[in-house]
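First to last, the protein sequences are chains A and B. Heads up, the first sequence is in my numbering, so the first residue is 1 and it goes up one at a time. Heads up, the second sequence is in my numbering, so the first residue is 361 and it goes up one at a time.
It should be emphasised that the hints constitute simulated quantities derived from the structure, not laboratory data. All the pointers check out, no bait thrown in.
Residues on chain A that point at chain B, a partial pick, calculated with CB under 10 Å: (1) Tyr17; (2) Gln24; (3) Pro27; (4) Ser241; (5) Asn302.
For each residue, glycine too, the CB sits at the ideal point set by N, CA and C.
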Amino acid sequence: MTSPVDAPNAVRQDKYYLALPLGQRPPLRVIVDKRNLLANLLLLGLLILLAGVSLNTGSAASLSLPATLRALFGAGSPLDTFVIQELRLPRIVAGVVTGGAFALAGCLMQTVARNRLATPGIVGLDNGATAFAVASVVGAGISLAPPAMALTGAAVAAALTFGLTGRIGVRGYRFLVAGIGVGAVFGALTQLMLTRVSIDAANAAYPWTVGSLNARPDHAVLSLSLALLPALLAGIWLTRSLTVLRLSDAVAISLGIAAGRCRMVALSVAVILTGLAVAVAGPVGMVALIGPEFARQLSAKNTVPVVGATLAGAVVMVAADLLGRVILAPIEVPVGIVTALIGSPLLLWILLNPNARTAP
Amino acid sequence: MTHDAPACERDATQPDIAPDMTTQGLSLAYGSVAVIEDLDLQLPAGQVTAIVGPNGCGKSTLLAGLSRLLKPRGGTVLLNGTDIRHQPTRQLAKRLALLPQQPHAPEALTVAELVRFGRHPHQSWLRQWSADDKACVDEALELTGLTTLAERPVDALSGGQRQRTWIAMAIAQQTATLLLDEPTSALDLGHQVEVYELIQSLAASGKTIVMVIHDLVSACRYADHLIAMYQGHVIAEGLPSQTVTPELVKRLYGVDCTLMTDPATGAPLLTNVRRTRDVLDGSAT
Chain A
1 MTSPVDAPNA
11 VRQDKYYLAL
21 PLGQRPPLRV
31 IVDKRNLLAN
41 LLLLGLLILL
51 AGVSLNTGSA
61 ASLSLPATLR
71 ALFGAGSPLD
81 TFVIQELRLP
91 RIVAGVVTGG
101 AFALAGCLMQ
111 TVARNRLATP
121 GIVGLDNGAT
131 AFAVASVVGA
141 GISLAPPAMA
151 LTGAAVAAAL
161 TFGLTGRIGV
171 RGYRFLVAGI
181 GVGAVFGALT
191 QLMLTRVSID
201 AANAAYPWTV
211 GSLNARPDHA
221 VLSLSLALLP
231 ALLAGIWLTR
241 SLTVLRLSDA
251 VAISLGIAAG
261 RCRMVALSVA
271 VILTGLAVAV
281 AGPVGMVALI
291 GPEFARQLSA
301 KNTVPVVGAT
311 LAGAVVMVAA
321 DLLGRVILAP
331 IEVPVGIVTA
341 LIGSPLLLWI
351 LLNPNARTAP
Chain B
361 MTHDAPACER
371 DATQPDIAPD
381 MTTQGLSLAY
391 GSVAVIEDLD
401 LQLPAGQVTA
411 IVGPNGCGKS
421 TLLAGLSRLL
431 KPRGGTVLLN
441 GTDIRHQPTR
451 QLAKRLALLP
461 QQPHAPEALT
471 VAELVRFGRH
481 PHQSWLRQWS
491 ADDKACVDEA
501 LELTGLTTLA
511 ERPVDALSGG
521 QRQRTWIAMA
531 IAQQTATLLL
541 DEPTSALDLG
551 HQVEVYELIQ
561 SLAASGKTIV
571 MVIHDLVSAC
581 RYADHLIAMY
591 QGHVIAEGLP
601 SQTVTPELVK
611 RLYGVDCTLM
621 TDPATGAPLL
631 TNVRRTRDVL
641 DGSAT
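The shape of chain A in the complex, shown without the other chains (with noise of 0.2 Å):
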C-alpha cells in the first residue's frame, strides 16, 4: 500500500500513501500521517479500556469483568443486564458522543480563529445553548424538546457573537471578548430562570448548568449521534483545507481554498454540535480545550487532528464521568465539575503563554 518512490526524494518516509484500486489514471491517493493514524489507535484503545472499566464501576451493583460481560450481551441476570444495558451503557454512550462532539467543534473553532481560545464555551455557544435549554426545562417562554431549544441557543449565542464582532471576522481578539461578554449575558439569563421557578423545576434543570451525563432529556443522545457522524465525516473533508488555512488568508485564498466557505462550514459545524451535545450533558466547555490539545499533543506537527481531537474529547468525558463517579463515591461529583478542575490549569498555561496562545 506504500509507494515511497512517490514521495519527495528528501522527504522522510512518515506517511502512508494509500493507492485507492479505482484504476484511475494517475491513480488516486490519499496520505494517512503514520504518526495521526497511531495516536488515534492509541486514543481508540483507550476510549475502549475507559469504557470497560466505566461499566464495570458503580455503586448500584459491584459485578465481576465476566458478570459484567455477561449482562452486556444480554445473558446474565435480569438484575445485571438492568444495570449494565440500562443504566451504564447509556451513560457511556452520551459520554462518548458528547465528548467527541465538544472536542470537534473545539477543533474546528480553533483551528479557523487561530486561536485556541476561541472554542465554543468560551465564545458563549455553551451558554447560550444551556439557557435555552435551560428554559425548556422549567417550561418558561415556548417549549421545543431540548436539543432543538439548545441548538436555537447556540445558534442565537453565535449570531450574536458575530453580531458583536463585526467585519474583523473570528480572527482578531474582538471575537473572543464579543464571545465572553454573550455567554456572561446568558449565564445570568440561566440563573435567574432559576430563581423564578419552583424548587422543584429548577432541581430538575440544574445539572445543565454544572453539566452532568446523569439527566439525559428523551432522545437528546440520539439527535447528537445522529449528527456527529455527518459533522465527523465533513470535519475530515474539510481537514486539507483547515491545515492550509493555517497559514493565512492570503496564501490560502491564493492556493485555491475558498477560505470564507471553509471558515463558514467549520463554524456551523461547531454551533451544531455544541448545542446539541449541551442539551445532552450541559456546558461541559472545557472537554473543547482539552480533547483537541491532547490530540495535538500525540498527533504529527502542523496536521488540524479532527479524528484525534473526537477520540480524545470522547476519552476525557468517559474518564472525567468515571472519575466524578468514584472519587467521592457515594457521592457523584457532575462531570463538568471534573473537567473544569482538570482545563483550569490548561486554561491558564494558555494565558500565560503568548505563543500557545495563537496558532494551534
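Keeping the supplied structure of chain A fixed, place chain B upon it in accordance with the hints.
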C-alpha cells in the same frame, strides 16, 4: 508501477503561452476608503514587472486586487481575457500565485511540507499525492537550492532561505503568473540579489512576474517593465531606462537626485539623493 515519473509539466489543460494580465476600469477600496479608481493596466507576459511608489500609494492594494484577495468595487481583472472573478478559485490557483508580504509559517513546519502546500490546487481529497506532485516539489526545491534543507523547520532558516522557501512553494504551484509583495523586504543585500536573480530566471523560463518593491534602484536593475504609482494612479510606466527621470523620482518620493546609467548593466542609477529643498521649507514650487 507502470506510471513513469514524469518531469514537472504544466497542466495540459492550460494554454502554453504566458498569460496576458490586464485590468479594466479597476476600482479598489477598503471599506469606504477608495484606494484605486478606474485603473487600466497591462502587465506584459513573460516579463518581470515592478510596481513602485511611495508608502500608501496603493501598490499592495493593487496586488491584492490582482490576486482576488480584495474584491473590486468596480471594473475587472482579466487573466487570458477572462475575469478572474468568474473562475473557480481552485482553477485560478493553477494559473495565478501570490506571495504575500512576509508570510508566517506555523512552528516546526518543514521546508518540504511548506513547498508541498503549493501543490494544493492540483490535488483533491481522493488524489492527495501524485508523481506529478513529487516532480514539481523536487524541481521547486532544486531551483531554489533548498534540496538539502528540505527537512529543516522553516522558522529555523535564515531570512533569505525562508523567502526562497515561500518562492519554492509558489513555483511548485506551477502557475504561469506569479505576484510577489515586497519579496526582498527585510533581507540583506546578498539575500536580496539571490531572490532577484531567482525571479529573473523564473521570468526567463516563461513566467509572468509582477512584484511590488520599495527599492527603485533594484526595480530598475531587475525589472523589464516599471509601473510607478502615486496616490492610486499610475503616473508612469514602461522600460525602466526610459521611464525613470529625476522629475518622476521627485514626484514619487519628494527627493532630488542625479540620474546616471549604470556602466555595468545599463540600468538607471540614482545618486546624490537628497530631500527637495522646497519640501523642507514647506513651500510648494
